[in-house]
Amino acid sequence: MSETLATAPAVQIRDLRVDYGDQVAVDGISLEIPPGEIFGLVGPNGAGKTSTFKVLATLMDPTYGEVSLCGLDVAEKTERARSLLGYMPDLAPVPTDLKVWEFLDLFAASHGLASRARESKIDDALDHVQLSDRREDQCKNLSRGMKQRLALAKTMLHEPRVMLLDEPASGMDPVSRAALRSTLQELARRGTTVLVSSHILSELSAMCTSVGIMSKGHLVASGTIDDVLSQFSGQKTLSIQLLAHWPQAEEIFSRHPQVHEVTYDADSRCLRGRFEGDEKAQVALLAELVSEGCPVQTFSEKTRDIESIILDLESLTDTKTTSAENHG
Amino acid sequence: MADLRPVYAWEIWANPILKRYCRSRLRKKHLIPWSLIVLIITLFIVFLLFTVSQRMGENYTWEHGARVALIPLVILQMFLLMFLGTGAVAAGIARESIDGMIDYQRLTPMTPLAKILGYLFGLPIREYVLMGITAPFAIYCAHAGGVPLEPALKFYSVFFCSAILYHLTGLVAGSVVKRKFLAGRTSQFFVAILYLVLPRFAALGFIFLVYLTVLPAWAEQALPFVNEARMNRIFPGLATEVPWFGWDFSPTVFSLLIQASLIVVFVVILARKWRDPEAHVLGHVFSLFVFFGYLALLLGNALPLIAEGDFFAGAKVMMGRAPREFQGESYGWTTMVLMGMAIFFALFLVMHLIVPNRHEALRGFRRSAKRGKRRVAWFSDDNTSLGFVLVLLALGWFGWALFSQSIFNSAPFRGVRVAPWQWLLQGLALCLPLLAFQFVLEWRGWRTSLLLVLFLWVVPPLAAIIFGASGRLETIAIYLGCLSGPLMPLYAVGQAAMEAHGSGSNTQAKVEGAYWFAVTLYALTLPYLFTQWRQYRAKLLATAQEGRSE
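So the sequence lines, in the order shown, correspond to chains B and W. When we follow our numbering, the leftmost residue of the first sequence carries the number 105, and every step to the right adds one. When we follow our numbering, the leftmost residue of the second sequence carries the number -4, and every step to the right adds one.
Worth double-checking, as some hints may not be accurate.
Below are the EDC-like pairs computed for lysine to aspartate or glutamate, each with C-alpha atoms no more than 20 Å apart in a straight line [unchecked claim]:
| # | chain 1 | residue 1 | chain 2 | residue 2 |
| --- | --- | --- | --- | --- |
| 1 | B | K251 | B | D237 |
| 2 | W | K14 | B | D330 |
| 3 | B | K244 | W | D98 |
| 4 | B | K406 | B | D330 |
| 5 | W | K365 | B | D165 |
| 6 | W | K365 | B | D330 |
Sample of chain B residues with no beta-carbon within 10 Å of chain W, all distances over it, derived [as the list claims (entries may be wrong)]:
| # | residue |
| --- | --- |
| 7 | D165 |
| 8 | G216 |
| 9 | K320 |
| 10 | D330 |
| 11 | D331 |
| 12 | Q362 |
| 13 | R373 |
| 14 | L390 |
| 15 | G397 |
Rather than coming from a laboratory, the hints here were simulated on the basis of the structure. Here a beta-carbon is modelled for each residue, glycine too, at the ideal position from N, C-alpha and C.
Next up, chain B with everything else stripped away, as it sits in the complex:
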């Protein structure tokens, strides 16, 4: 068994489906995450992230599909799988009638940590989340961000192999966010697999080693951040800032066969458009603009980031859905 735990993927999902009555929350997703990854699950509200997390956390039975953690089927070996798991829900609750250390002691003991080891584990966890000076405070007196940090401390107390963090940074100040990032990276270095869901995409791309993008219950892309970006690499944006408004520049830019969806921002005097050409084509376009006397201040290519990909996917799915509904 221990051999299986060591060699199996940290998280394995096969054909997972979750329904709420007629509504499909998760529709047949499959995913495999190796140990030591920080995997970001991103997507808009209603994409199915929380449902996926709840199934992984053994808090919900899927309609069907197989989910295993470190090779253990969570449906069959639930209790065992739970000992490998740390889960921090969105807006993680803390009890109102316990002190900070009592809350941690409850969960350390519930996970079976021996009383001798508990004390030092609690101190370590509080150090990690910078709450050592709040040890004797009542949980209810902590700020929102501190409660999030306390919940994180609770989640890592028993050194789980897989951590599921649903919006862990919500309510945290920038310093705490940076600390969260380094804590998660340290855990990953030690072999813990971390699944994070977040709406703050810049934050995810800074800490995650791989991402999965969910939309309308589907996993539309997954892999390392570079892999996901390369799947959408054909799409980049050209941004041309002018010294003054110059209609001819807009005309040249718009009629170029490899430029699409041109927009002009009057405030920044900036022309933007999706560009499908290569670097040579870019040079040619710049030369044409300059030769026609357009006052080009800056000329830059913007590679697509995860955020813009998600926004595009979202609008694409919306369009498909609307179209299907119209035809249906």
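Got chain B sorted already, so can you dock chain W onto it with the hints?
Relative to chain B, chain W alone:
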């Protein structure tokens, strides 16, 4: 990974949830004021009775006073542990659920039983401590009053068993009612009803209800210390042996048996809910066992008492009626109606607990479709509950018929002529409305079915009362009343009672007509409801299979 060892259920002293509540509920700022209040009340009781016994002279010694002091002390202990404790359990678990802490706890690798025990003894820990404050005084009074250890231990074994049972009820109430205040008050209301109202029903054939309290154990264990006639006046018939089918049990043992079996049922329910919060309170198969147990309790007491004639004699004592006023036959007909209604309501409740809602039914079909099957596993919560409901109805019908037959064979019914097909009439009255309810419940969900219950089963009898009170619209009142499912047992038995006496009155004809009108109406509605239910199931299957083909 850290070195972890499992938390075993039997290591209750090391249970993390129990320790958690020892910390949070035994903080000085709460415990000290409460302890002082309890101490003052306890001291007041003991010193008052001691002082009174000193002034009363030889006829009333401190030995008597100490025994009398035990009564308010036990009542105080009951109030602390059973009333306040149950409220604390229900409110506490509701708060855990509202705060989201339940989900955290669900994710820990403790077994469901360890978690249940942690909450069961942890949430009312303050009440246990407060009761502990009264304990030295109770021990002293028992010693001074010459109460031997054995009856005291027997009584307290039932006392703690009852407390655990009520606390488990509080846990179930708190898991279902998601409001802290409401959960606490609901469970306390249940305890109050159990002591103040339900024992009265023992006189109407529901003898087992009284054994859910500590009263029979108190009556039995206190009997050697008080006058028997006086005991019978306070607790009529409670200190005598309890027959159950072919066996006789002492009240203490019977109380322990009945309460322990209910504790097992509640623990199974809670363990199911811990494993899967979306699971039904009762599984399909388990519901059969629970309902069978309920019938066994109802009939196990009543049948031997009826056969030996003690059923009517006991009722006479419990009702405090003079022998001339008590009419055994009327009492028999009444208990028959009440038994029918009790079975009806129990079935109604169980059906409600086991029916799959639309989401569950669709999920069941989807899971089956995924495995390439059209049928859902028969024991699954997601499968239709119709098959189990039919078995439950058959059991209920059989139980009611058995009870009725034993009443017909009893002494007060000698010479009373009852139609041989009376069992069939009762069966129709019980099964047809409930079957109709089952189809609507599964097809349209509980909101619609409860709305229908309100307009078809509650409003018509209320209207019937108004019409009846007017004194002119008797026929309409009788027919309207019969539309109500829970009242159909009354009509089924009522017409038999009237016919037995050969009254041939106009009212008898109307009651008979109303009964057959309602039976016909339900019988005609059933095929329509059955068709709708089948179409609903077929649609669900089609939806599930469409999902697969996509």
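We went through each hint and held it up to the structure:
no.	hint	in the structure
1	B:K251 <-> B:D237	holds (14 Å)
2	W:K14 <-> B:D330	violated (49 Å)
3	B:K244 <-> W:D98	holds (18 Å)
4	B:K406 <-> B:D330	holds (15 Å)
5	W:K365 <-> B:D165	holds (15 Å)
6	W:K365 <-> B:D330	violated (35 Å)
7	D165	violated (6 Å)
8	G216	violated (4 Å)
9	K320	holds (13 Å)
10	D330	holds (31 Å)
11	D331	holds (27 Å)
12	Q362	holds (37 Å)
13	R373	holds (48 Å)
14	L390	holds (48 Å)
15	G397	holds (56 Å)
Checked against the numbered hints above, the structure breaks hints 2, 6, 7, 8 and satisfies the rest.
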